[in-house]
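**Q** Required output: the full structure, derived from the provided sequences and hints.
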Amino acid sequence: MGTIKAVFDYTLREHLRHKVWLGCALFGLVMVASALLASALARDERARVMLDLGLAANEAIALVSVVFLTVHLILQEVESRAVFLILTHPVKRSNYLLGRFLGTLAAVGLGMGAMGLAHWALLRLLGWPVEGSYLLAWSCSLAKIAIMGALSLFLSLALTSEAAAMSFSVFFWMLGHFSAEMRFLAQKSGNALLGAAITAFSHAAPDFAHFNYRDAWHAGVPDPGWALAAAVYALAYCGACLALAAQVFDQKEF
Amino acid sequence: MRPLAAAAAFAAAALASGAAMSARAREFPSLSELPATPFTLQDASLASFGLRAAAADLAWVQMLQYVGASLPGLPADRPGRPYDHLLTLALRVARLDPSFHRSYLYAAGILGWFRGVDRPEEAVALLQEGIRRDPGEPLYALYLAALAYKQKGETDRMIALLESAFEDPRTPSQMKTILANARKARGEYAQALALWERILETPRDQAQHARARLQIAQLKRLMHPASPLPSPPR
Chain P
1 MGTIKAVFDY
11 TLREHLRHKV
21 WLGCALFGLV
31 MVASALLASA
41 LARDERARVM
51 LDLGLAANEA
61 IALVSVVFLT
71 VHLILQEVES
81 RAVFLILTHP
91 VKRSNYLLGR
101 FLGTLAAVGL
111 GMGAMGLAHW
121 ALLRLLGWPV
131 EGSYLLAWSC
141 SLAKIAIMGA
151 LSLFLSLALT
161 SEAAAMSFSV
171 FFWMLGHFSA
181 EMRFLAQKSG
191 NALLGAAITA
201 FSHAAPDFAH
211 FNYRDAWHAG
221 VPDPGWALAA
231 AVYALAYCGA
241 CLALAAQVFD
251 QKEF
Chain Z
255 MRPLAAAAAF
265 AAAALASGAA
275 MSARAREFPS
285 LSELPATPFT
295 LQDASLASFG
305 LRAAAADLAW
315 VQMLQYVGAS
325 LPGLPADRPG
335 RPYDHLLTLA
345 LRVARLDPSF
355 HRSYLYAAGI
365 LGWFRGVDRP
375 EEAVALLQEG
385 IRRDPGEPLY
395 ALYLAALAYK
405 QKGETDRMIA
415 LLESAFEDPR
425 TPSQMKTILA
435 NARKARGEYA
445 QALALWERIL
455 ETPRDQAQHA
465 RARLQIAQLK
475 RLMHPASPLP
485 SPPR
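Going down the list, the sequences are from chains P and Z.
All the letters of the first sequence, read from the start, carry residue numbers 1 to 254 under the numbering used here.
All the letters of the second sequence, read from the start, carry residue numbers 255 to 488 under the numbering used here.
A hint or two may mislead.
Claimed, not checked - These stretches of chain Z come out as covered by chain P in the derived footprint (C-beta under 8 Å, 3 or more residues):
| id | stretch |
| --- | --- |
| 1 | 270–281 |
| 2 | 312–319 |
| 3 | 348–359 |
As the list claims (entries may be wrong) - Under 7 Å between C-beta atoms, here's a sample of chain P residues computed to sit facing chain Z:
| id | residue |
| --- | --- |
| 4 | Gly28 |
| 5 | Ala40 |
| 6 | Val49 |
| 7 | Ala56 |
| 8 | Phe184 |
| 9 | Gly225 |
| 10 | Val232 |
| 11 | Tyr237 |
| 12 | Gly239 |
Hint data in this document are derived by calculation from the structure and do not stem from the laboratory.
This one's a predicted model, so the numbers in the text were calculated from it and none came from an experiment.
Ideal placement from N, C-alpha and C gives every residue a C-beta, glycine not left out.
**A** Here it is, written out as C-alpha cells:
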C-alpha cells in the first residue's frame with residue numbers, strides 16, 4: 001500500500017507540473033465559445049445547449065488527456081530507463097502500475113473537476129437552472145475516462161507502440177458508443193456464429209452507450225439500480241484491464 | 255491472486271453488471287432510424303464519439319436556421335410547400351434525442367398553425383412520434399387535441415386549450431406568438447395585447463421580445479387609433 005501511495009504521489013506531482021492544466025485553459029476557451037454560440041443560435045434552448053456542450057467538451061478534453069498520458073505513462077519510463085531506478089527498489093510491478101494509473105487518473109480527475117466547477121458556475125451565473133444531477137453526469141464522464149485510461153494502459157503495454165495504442169484506444173471509444181447497434185446487428189445477422197462473434201466483441205468493448213448519463217440527462221432521473229450497476233461495471237472493467245496490464249508488465253524483460 | 259485469474263474475475267463481474275446496467279439504461283433509437291438528410295455523416299460521427307445530445311443540439315440549431323432563412327446543403331423547398339423539410343429535420347432531432355420536447359412542439363406548431371403552411375397531418379405524425387418515444391410529456395396530447403379542434407373548426411376551444419399551456423415553461427415562444435396572432439386575426443385585440451404583454455414579461459421568450467414590442471404598439475394603435483406609430487424593432 002505504501003509503495004502504491006509513493007508512486008501515486010510522484011505521478012500526480014509530475015502531471016500537475018506538466019500537462020493537465022493546459023486542458024483546463026483549453027476548456028475555458030471552448031466553454032466561452034459554446035456560451036456565445038448558445039446565446040446566439042439556440043433561442044429557447046440556450047441552457048440545454050450550454051449544458052450539453054460544456055459536459056461534452058469536459059469529457060472530450062479529459063479523453064484526449066487520459067489517452068495521451070496513459071499511453072506514454074510506462075513506455076516513456078521504459079524508454080528513458082527511469083523504470084529501472086524504481087524497480088530496483090522493493091516495489092512490486094503491479095503496485096508500480098497501479099500507483100502510476102491512479103496518479104494519472106487523479107490528475108485528469110482534478111482537471112475535470114476544475115472544468116466542471118467552472119462550467120456549473122457559469123450556468124448558475126447566467127441564471128439557467130440545471131435540472132437533473134450534474135454530479136452524476138460528471139461522475140459518469142469520470143468513470144468513462146477511468147475505463148479508457150485502464151484500457152489504453154493495457155493496450156500500450158500489449159502493443160508496445162504508442163501510435164497503435166492511441167489508435168486502438170480511439171477505436172474502442174467509438175465502438176463503446178455503438179454497443180447497442182452491435183447487439184442489434186448480432187440479432188439481425190441471421191447467422192448464429194456471426195451473431196455470437198459480434199455479441200462477444202460488443203461485450204469485450206466498453207459499453208459506453210448504456211453508460212452515458214450525459215446523453216440521457218434530458219429524459220429525467222435514471223433508475224438507482226442503473227447507477228449502482230454502472231458503478232460496479234466501471235470498477236470491474238478497470239480492474240480487468242489493469243489485471244491484464246499487470247500480467248503483460250510482469251512478463252516484460254528489461 | 256494471479257493477474258490472469260483476477261482479470262477473469264473482474265471480466266465476469268463486468269459482464270454481469272453490464273447486463274444489469276444495459277437492462278435498466280435508457281435506449282436511444284438506432285442510428286439507422288435517422289431520416290436521410292445531407293447531415294447524416296455529421297450525426298453519425300458525433301454519436302460515435304458519444305456526443306448524441308450535442309448532435310441533437312446541433313440539429314436543433316440547424317432546424318432553427320432552416321426556419322429562419324435557409325440551411326446550406328438542403329435542397330430547396332418544392333413550390334407551394336413552405337418548410338418542406340421541417341418534418342424531416344424535426345424527426346432528425348427527435349431521433350438523436352427523443353427527449354428533446356421542444357423540437358416536436360416547435361415544428362408541430364409551425365406545421366399545424368403557421369399561415370400558408372397548414373400541414374396538420376405532418377404535425378400529428380410528429381406529435382404521435384413524441385408520445386411514443388417521449389412518454390410523460392403532456393403537451394403532445396394537448397397539441398393533438400388543439401389540432402383536432404382546429405380541423406373541426408372549433409377555434410374557440412382550440413385557443414382556450416392552447417392558452418391553458420401558455421405559462422408552461424416547455425411551451426415554445428413561437429407557439430405563444432401563434433396564439434397571440436390567432437387572437438389578433440379574430441379581432442380580439444385586448445386578448446392579443448394581453449398575450450403579447452405576457453410574452454414581453456417572460457425572460458425565456460427573449461427571442462420574441464422585439465416582435466412583442468412592435469405588436470403591442472400596433473395593437474394599441476388598433477384599439478386607440480390616435481396612438482403614435484411604433485418604431486420598427488432594432
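**Q** All hints, please: hold or fail.
**A** Hint-by-hint comparison with the structure:
Proximity of the stretch 270–281 of chain Z to chain P, defined as three or more residues with a beta carbon under 8 Å from a beta carbon of that chain, is established by the 9 residues found. Coverage of the stretch 312–319 of chain Z by chain P holds. Counting CB-CB distances below 8 Å, 4 residues qualify, and the rule asks for three or more. Against chain P, the stretch 348–359 of chain Z contributes 5 residues with a C-beta closer than 8 Å to a partner C-beta. That satisfies the three-residue criterion, and the hint holds. A least Cβ separation of about 18 Å between P:Gly28 and chain Z goes past the 7 Å threshold, and the interface hint is therefore violated.
A cut of 7 Å between beta carbons decides the hint on P:Ala40: the least distance to chain Z is about 9 Å, and the hint is violated. With a cut of 7 Å, the hint placing P:Val49 at the interface with chain Z holds, because the nearest CB-to-CB distance is about 5 Å. Because the smallest distance between the Cβ of P:Ala56 and any Cβ of chain Z comes to about 5 Å, under 7 Å, the interface hint for this residue holds. Because the closest C-beta pair between P:Phe184 and chain Z is about 6 Å apart, less than 7 Å, the hint holds.
Interface restraint check for P:Gly225: the shortest CB-CB distance to chain Z comes to about 5 Å, inside 7 Å, so the restraint holds. Because the beta carbon of P:Val232 sits about 4 Å from the nearest beta carbon in chain Z, less than 7 Å, this interface hint is met. This hint holds: P:Tyr237 has a C-beta 5 Å from the nearest C-beta of chain Z, less than the 7 Å allowed. Given the 7 Å rule on beta carbons, the hint for P:Gly239 holds: about 4 Å separates it from the nearest Cβ of chain Z.
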